[in-house]
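Below are the chains, spelled out letter by letter.
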Amino acid sequence: MTETQMIVTIGMMVLGTMFTRFLPFIAFPEHKPIPKWMVVLGDRLPYASLGMLVVYALKDVNVLSAPFGLPELVSLALMTFVHRWRHDTLISIGSGVSLYLVLVNILLK
Amino acid sequence: MKLKAFKAAFPITLPVLTGYLFLGMAFGLLMNKAGFSLIWSFLMSAIVFAGALQFAGIGLLSAAFDPLSALLLTILVNIRHIFYGVSMLEKYKGSGNKKFFMIFMMADEAFSINAAASLDDSIDRGWFYFFTSLLCYLYWQVSTWIGHLIGQLIPGEIKGLDFVLTALFYILFLNQWEHKENRPTLLLGLGATVISLLVLGKTQFLLGSMVLILIVILSKMIKEGAHHD
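Line by line, the protein sequences are chains A and B. Note that my numbering has the first sequence beginning at 11, numbered continuously upward. Note that my numbering has the second sequence beginning at 11, numbered continuously upward.
Hints are supplied without guarantee of correctness; some may be wrong.
What the hints assert, rightly or not - Using 20 Å as the maximum straight-line C-alpha spacing, the simulated SDA-like pairs for lysine to any residue come out as follows:
#	chain 1	residue 1	chain 2	residue 2
1	B	Lys-230	A	Pro-45
2	B	Lys-101	A	Phe-32
3	B	Lys-108	A	Ala-37
4	B	Lys-233	A	Leu-80
Hints are computed from structural coordinates only; laboratory data are not their basis.
Construct the entire structure; sequences and hints are all you get.
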């Protein structure tokens, strides 16, 4: 690929990405009233998206072969416990990630 | 006003810094190994700024020139961002010129923080959203440069550091779980995506999941609307 072709390819990636990011804001500018179905979506999609992102982040976990997703499961369980107890985002994430790193790098090596 | 918003934004972005350091460095390293100079890593992170797509982009740049396929792949990989925009239409309203940059920088992590943030009235929302977005953006840039520059020096031994981002999404999810009224929608997001992943497989599932989520939310709305009449 020539440099010009590389720039065009990157330009396409920018164009496509910005299309997906700006589309809702262009379709519904601030002065335009948002239809009811869109308000309902805006109200509910943040939570549905969080659920989607959790699964998306775990998509490469293979539950059919060793270690059967156990490091992920155990770490998420620890985070659930710590988060109920201390209610501090950074402590919860720190504990879960530490346990996960120990599991995949040391215990299951 | 700005300082207060920054002080609220900064701590919550720290898990993103950790996750991005690992992923961004991996990206810079791969670009380096694929034979591209620093300027290309810089350009990709600065103006594309979309993690998963940038990894796919290394392949696009290494293959034969095909701009249309590049565009289609981009839209497919990033189509979930349309959901994010719809979610943030109301929240980003009235934030002025910053809004353009907030939308430009709306990757998964900045979105998830901003969508889940419950701010008290003393914090300026617009500036909070702007600072979380900007900090996440800057973390990604710096991580990419470091990854590209130190190349082989990166210890390849520590596996699983990207679990930080999984953990971040999960904790934001848990925070919303505490509000009982959000639980059905959180479960819908989980369930629809799991079903779609099982049926459609790893490369196609996001699109299927989004269609499923839209159908459920809108049909529930129609049903409730009919009920009220």
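Hint check results:
1. B:Lys-230 - A:Pro-45: 16 Å, holds
2. B:Lys-101 - A:Phe-32: 15 Å, holds
3. B:Lys-108 - A:Ala-37: Roughly 19 Å between the alpha carbons, so the hint for B:Lys-108 and A:Ala-37 holds.
4. B:Lys-233 - A:Leu-80: Since the Cα atoms of B:Lys-233 and A:Leu-80 sit roughly 40 Å apart, the hinted pair is violated (cutoff 20 Å).
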